[in-house]
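The primary structure of each chain is shown beneath.
Protein chains: 2
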Amino acid sequence: MAKSLKLGIAGLGTVGAGVIKILNEKRTLIAQRTGCSVDVVAVSARNKQQDRGVSMESFRWFDNAVDLAGDPEIDIFVELIGGSDGVALQSVRRALEAGKHVVTANKALIAVHGTELAVLAEKQKVSLSFEASVAGGIPIIKAMRDGLVSNTVSRVYGILNGTCNYILSVMEESGRSFEDVLKDAQDLGYAEADPSFDVGGVDAAHKLAILSSLAFGSAVDFDSIYIEGIESIRAQDIAMAAELGMRIKLLGIATKTDHGIEQRVHPCLVRLDRPIASVDGVTNAVVVESDHLGRLVLEGPGAGEMPTASAVVADIGDIAKAVTQPTFMKSAGELQPPQKSDMDDHIGEYYLRLTAQDKPGVMAEITQDLAAEGVSIETIIQRGGDGQEAVPIVLVTHQCRESVMKRALDRIVAHDAIVRPPRMIRIEDL
Amino acid sequence: MAKSLKLGIAGLGTVGAGVIKILNEKRTLIAQRTGCSVDVVAVSARNKQQDRGVSMESFRWFDNAVDLAGDPEIDIFVELIGGSDGVALQSVRRALEAGKHVVTANKALIAVHGTELAVLAEKQKVSLSFEASVAGGIPIIKAMRDGLVSNTVSRVYGILNGTCNYILSVMEESGRSFEDVLKDAQDLGYAEADPSFDVGGVDAAHKLAILSSLAFGSAVDFDSIYIEGIESIRAQDIAMAAELGMRIKLLGIATKTDHGIEQRVHPCLVRLDRPIASVDGVTNAVVVESDHLGRLVLEGPGAGEMPTASAVVADIGDIAKAVTQPTFMKSAGELQPPQKSDMDDHIGEYYLRLTAQDKPGVMAEITQDLAAEGVSIETIIQRGGDGQEAVPIVLVTHQCRESVMKRALDRIVAHDAIVRPPRMIRIEDL
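Chains as they are written, first to last, in my numbering: chain A, 195 to 624; chain B, 195 to 624.
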């Protein structure tokens with residue numbers, strides 16, 4: 195067991211400042227628990243003058259993170275810069291090449307370059323750890339690597355983006371529109387000024403790519419993820435979901451199917467009695483389904499300064515305890531891209547919301563189209579007809595293949611009576 | 195990293211057979227994930243002839259587990275005999291003395307002798323691991339030791355006994371009596387022929403003692419746990435709880451208070467909107483509240499052959515990955531018994547069910563008694579009066595000290611009009 199470890203931290207935003215606070219406050223506790231003292235010796239950020247609520251005076255300062263990564267004094271390089279490329283990637287590569295352990299909270303970096311970096315880490319016999327990159331403070335990666343060591347995972351899924359979950363929760367409580375609630379979330383600091391990574395599903399997809407690789411022992415394959423965000427969810431869909439005994443959640447889901455690994459991030463209708471349905475606000479939840487353990491659920495804070503910093507420190511703790519293990523649960527050289535299961539092969543139930551002219555024969559046309567493709571209907575809800583020009587029609591289908599659902603939709607939208615693009619939301623039987 | 199590890203397994207019940215099955219089936223996967231091959235070489239049980247659904251032919255057989263524990267060939271001794279003393283204790287001591295790592299699922303052993311065994315393990319520089327002893331397959335000990343390494347825990351609690359949770363869930367669904375549902379649970383194999391350890395709360399208390407030690411860095415102190423089982427819960431209490439927007443759960447709760455560490459296992463009323471309230475059936479859930487991470491919830495199968503065996507194998511996996519760390523998160527020699535917080539100092543809300551003669555003045559007497567002790571009432575529910583001799587009166591109090599609540603109850607039961615012993619259930623604001 196190492197007796198002392200020296201850290202260099204690159205990126206001094208809220209998480210970086212949080213890591214320094216924790217290492218200051220909990221120095222004795224961490225030494226007691228790991229048998230090793232951990233000290234920050236050097237830091238790097240863009241602006242040396244900024245007040246970060248914690249003293250940086252005793253640390254050597256580097257204007258350039260790549261130089262810090264190669265500094266001979268440090269044992270661990272902590273990358274909190276962010277972004278899949280640029281300085282983050284350069285500095286992590288430099289640190290690994292220099293034989294330093296790397297701890298990062300950077301989901302984009304690992305989702306895009308994880309396999310390459312794991313190969314480098316393995317060659318250099320150092321750790322590459324990224325617990326904080328998925329679901330903030332929740333120790334989901336440790337649970338999968340250590341707690342499920344003998345388990346074969348069949349599915350991993352979760353609420354991986356707190357911003358989306360917060361927006362959907364508030365839309366549901368208040369009946370307000372997406373745009374309206376997003377603005378509030380931005381004012382409260384729950385959403386970025388440019389919210390597209392969050393609400394567009396990319397952030398959740400970064401995290402899913404990492405979970406999927408750990409679950410199935412395949413190379414990280416961000417590019418093969420099907421991604422749909424929550425921007426087009428209407429208050430009306432949330433109200434209809436409630437009427438159907440369901441809620442709308444943005445989920446990331448990776449499943450081993452007969453066709454390969456299906457990785458997808460999109461809004462889902464989930465029945466109210468499922469554990470994931472009751473996860474509200476900025477909380478994250480991850481569910482792992484495996485052969486021996488069955489269903490394991492982890493729920494906790496998915497973001498925020500201290501939870502995320504706590505996960506970074508937990509990775510440092512593993513290194514202090516001399517834990518080294520394959521980055522993605524097998525030798526990095528053996529990681530192969532997963533066989534991708536196409537979304538056209540996805541099988542599930544579907545929620546369809548159509549907007550149709552209120553005239554005789556429309557429902558007959560729609561139901562004939564569905565029947566022609568072999569899609570059977572579980573529920574139809576049609577309201578209105580009180581003089582409105584166009585009325586909403588909501589259909590819930592039984593299970594069918596997505597390619598079939600799409601063909602049926604193509605038939606439906608071809609009718610003149612369908613006045614707006616239809617809305618299709620997948621129903622998840624979790 | 196060790197390249198191969200040899201196991202001796204003592205105790206070949208369902209969990210022991212499950213461990214052998216997993217190690218057979220997942221040999222390659224475990225080697226891939228840990229960098230080490232793991233092989234069972236010797237076993238011990240009472241009856242050599244019994245069919246356990248898995249071949250024992252290639253293993254050396256020991257009639258005596260203590261002899262197996264000292265066998266020079268084995269690296270890890272897996273104790274699945276059970277019981278806090280006797281052969282289990284003797285064989286674990288022998289294994290540690292002989293410098294073997296020990297993995298056990300034995301909650302009673304660790305709850306009663308954990309500190310002593312941790313001291314011995316530390317002296318011998320070997321691991322003593324017991325993930326399977328708490329909450330079956332849920333990797334809660336690893337989450338606390340690794341995921342929360344820098345966190346100071348303020349409270350840990352959970353549904354730690356699947357039998358009790360199953361019985362309470364079925365009582366709630368069906369309105370049937372405790373005795374009736376217990377009998378069914380026994381027929382279904384969810385409860386032992388002698389159910390007293392489960393329904394009396396002792397099993398949950400064993401688990402809580404272990405969690406509490408990990409949470410607060412104190413010696414395992416089973417004897418100081420306040421324990422109350424579910425035997426006296428009536429269908430009526432469950433129905434009243436529902437009316438109050440609550441459910442009854444058997445919880446184990448360890449809290450850092452101003453008076454010391456409060457450890458208690460008893461039925462609790464929990465509000466429906468709390469995450470723990472929706473955990474049904476044999477599922478276990480553990481919640482850890484800490485300074486940086488906030489609230490972390492783990493939920494999964496708390497018992498059963500494969501989940502428990504999976505947790506045993508996960509501990510073996512840690513040893514294969516050469517993970518060694520203090521058994522209870524600090525040097526065992528420094529473990530001190532926690533300062534015990536007395537239940538009289540507990541502060542909470544209370545549910546009281548009284549059975550009183552239906553005559554004028556009774557309610558005045560009760561409310562005066564409560565007022566005399568300074569207990570204020572939040573809710574009173576009184577029904578009946580339709581000629582019945584005795585009627586139930588349910589009261590919910592605001593927060594008060596337990597010693598005060600007890601004094602008020604002493605006053606109340608002294609009245610002739612109170613015809614049966616009152617029922618007091620603590621309400622938990624989790």
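Mixed in with the good hints there might be a few duds.
Stated by the list, open to error - No farther apart than 27 Å at their CA atoms in a straight line, the calculated lysine-lysine pairs in the DSSO-like style are these:
1) A:200 <-> A:215
2) A:319 <-> B:450
3) A:215 <-> B:524
4) A:317 <-> A:377
5) B:197 <-> A:317
6) A:524 <-> A:317
7) A:200 <-> B:319
8) B:534 <-> B:450
9) A:600 <-> A:534
10) B:600 <-> B:553
11) B:553 <-> B:534
12) A:215 <-> B:319
13) B:197 <-> B:215
14) A:450 <-> B:534
15) A:197 <-> B:319
16) B:319 <-> B:450
17) B:534 <-> B:319
18) B:317 <-> A:524
19) A:197 <-> B:242
20) B:553 <-> A:319
21) A:534 <-> A:524
22) B:319 <-> B:197
23) B:200 <-> B:377
24) A:197 <-> B:534
25) B:197 <-> A:197
26) B:553 <-> B:524
27) B:377 <-> B:319
28) A:524 <-> A:450
29) B:215 <-> A:319
30) B:600 <-> A:200
31) A:524 <-> B:534
32) B:600 <-> A:524
33) B:534 <-> B:524
34) B:317 <-> B:197
35) A:534 <-> A:553
As the list claims (entries may be wrong) - Not everything, but these chain B residues come out facing chain A in the computed CB check (under 10 Å):
36) 331
37) 342
38) 345
39) 348
40) 380
Please keep in mind that the hints were generated in silico from the structure rather than gathered at the bench. From the three backbone atoms N, C-alpha and C, an ideal C-beta is built for every residue, glycine too.
Here's how the hints hold up against the structure:
A threshold of 27 Å between alpha carbons decides the hint, and for residue 200 (chain A) with residue 215 (chain A) the separation of about 16 Å falls inside it, so the pair holds. Annotation: proposed proximity of residue 319 (chain A) to residue 450 (chain B) is violated, straight-line Cα distance about 41 Å (limit 27 Å). The hinted pair formed by residue 215 (chain A) and residue 524 (chain B) meets the criterion: a straight-line CA distance of about 22 Å does not exceed 27 Å. Between residue 317 (chain A) and residue 377 (chain A) the alpha-carbon distance is near 47 Å, which puts this suggested pair outside the 27 Å criterion.
This hinted pair checks out: residue 197 (chain B) and residue 317 (chain A) have alpha carbons roughly 18 Å apart, not beyond 27 Å. Taking the CA atoms of residue 524 (chain A) and residue 317 (chain A), the gap is near 13 Å; set against the 27 Å cutoff, the hint holds. Between residue 200 (chain A) and residue 319 (chain B) the alpha-carbon distance is near 26 Å, which keeps this suggested pair within the 27 Å criterion. In summary, the hint linking residue 534 (chain B) to residue 450 (chain B) is supported, as the alpha carbons are separated by about 10 Å, within the 27 Å threshold.
With a C-alpha separation of about 20 Å, the suggested pairing of residue 600 (chain A) with residue 534 (chain A) holds against the 27 Å cut-off. A hinted pair counts as satisfied when its Cα atoms are at most 27 Å apart, and residue 600 (chain B) with residue 553 (chain B) qualifies at roughly 24 Å. Restraint check for residue 553 (chain B) and residue 534 (chain B): the C-alpha separation of about 44 Å exceeds 27 Å, so the hint is violated. For the given pair, residue 215 (chain A) sits about 32 Å from residue 319 (chain B) by alpha-carbon distance, which is inconsistent with the 27 Å threshold.
Restraint check: the Cα-Cα separation between residue 197 (chain B) and residue 215 (chain B) comes to about 21 Å, which is no more than 27 Å; the hinted pair holds. Of the supplied pair hints, the one linking residue 450 (chain A) and residue 534 (chain B) is violated, its CA atoms being roughly 50 Å apart against a limit of 27 Å. Taking the CA atoms of residue 197 (chain A) and residue 319 (chain B), the gap is near 16 Å; set against the 27 Å cutoff, the hint holds. Between the alpha carbons of residue 319 (chain B) and residue 450 (chain B) the distance comes to roughly 31 Å, so the proposed pair goes past 27 Å and is violated.
Annotation: proposed proximity of residue 534 (chain B) to residue 319 (chain B) is violated, straight-line Cα distance about 31 Å (limit 27 Å). A hinted pair counts as satisfied when its Cα atoms are at most 27 Å apart, and residue 317 (chain B) with residue 524 (chain A) does not qualify at roughly 33 Å. Of the supplied pair hints, the one linking residue 197 (chain A) and residue 242 (chain B) is violated, its CA atoms being roughly 47 Å apart against a limit of 27 Å. Proximity of residue 553 (chain B) to residue 319 (chain A) is assessed by CA-CA distance (about 81 Å); at most 27 Å being required, the pair is judged violated.
Taking the CA atoms of residue 534 (chain A) and residue 524 (chain A), the gap is about 20 Å. The hint holds against a cut of 27 Å. The suggested pairing of residue 319 (chain B) with residue 197 (chain B) holds, with an alpha-carbon distance near 19 Å, which does not exceed 27 Å. The straight-line distance between the Cα atoms of residue 200 (chain B) and residue 377 (chain B) is roughly 42 Å, outside the 27 Å bound, and the hint therefore fails. As the CA atoms of residue 197 (chain A) and residue 534 (chain B) are separated by approximately 34 Å, the hinted pair breaks the 27 Å bound.
Taking the CA atoms of residue 197 (chain B) and residue 197 (chain A), the gap is near 25 Å; set against the 27 Å cutoff, the hint holds. With a C-alpha separation of about 61 Å, the suggested pair residue 553 (chain B) and residue 524 (chain B) falls outside the 27 Å cut-off, and the hint is violated. For the given pair, residue 377 (chain B) sits about 47 Å from residue 319 (chain B) by alpha-carbon distance, which is inconsistent with the 27 Å threshold. Pair hint residue 524 (chain A) plus residue 450 (chain A) holds up; C-alpha atoms about 18 Å apart against a cutoff of 27 Å.
Straight-line distance between C-alpha atoms of residue 215 (chain B) and residue 319 (chain A) comes to about 32 Å, which puts the hinted pair past the 27 Å bound. Between the alpha carbons of residue 600 (chain B) and residue 200 (chain A) the distance comes to roughly 56 Å, so the proposed pair goes past 27 Å and is violated. Of the supplied pair hints, the one linking residue 524 (chain A) and residue 534 (chain B) is violated, its CA atoms being roughly 46 Å apart against a limit of 27 Å. Between residue 600 (chain B) and residue 524 (chain A) the alpha-carbon distance is near 59 Å, which puts this suggested pair outside the 27 Å criterion.
For the hint pairing residue 534 (chain B) with residue 524 (chain B), the CA-to-CA distance comes to about 20 Å; that is within 27 Å, so the pair holds. Between residue 317 (chain B) and residue 197 (chain B) the alpha-carbon distance is near 24 Å, which keeps this suggested pair within the 27 Å criterion. With a C-alpha separation of about 44 Å, the suggested pair residue 534 (chain A) and residue 553 (chain A) falls outside the 27 Å cut-off, and the hint is violated. Given hint, residue 331 (chain B) at the interface with chain A, holds; its Cβ is 4 Å from that chain's nearest Cβ, closer than 10 Å.
Proximity of residue 342 (chain B) to chain A holds as hinted, the smallest CB-CB distance being about 7 Å (cut-off 10 Å). Here the hint on residue 345 (chain B) is kept, as its CB sits about 6 Å from the closest CB of chain A, short of 10 Å. At its closest, the beta carbon of residue 348 (chain B) sits 14 Å from a beta carbon of chain A; the interface hint therefore is violated under the 10 Å criterion. Residue-level restraint check for residue 380 (chain B) is violated (minimum Cβ-Cβ distance to chain A is 23 Å; threshold 10 Å).
When held up to the earlier numbered hints, the structure conflicts with 2, 4, 11, 12, 14, 16, 17, 18, 19, 20, 23, 24, 26, 27, 29, 30, 31, 32, 35, 39 and 40 and fits the remainder.
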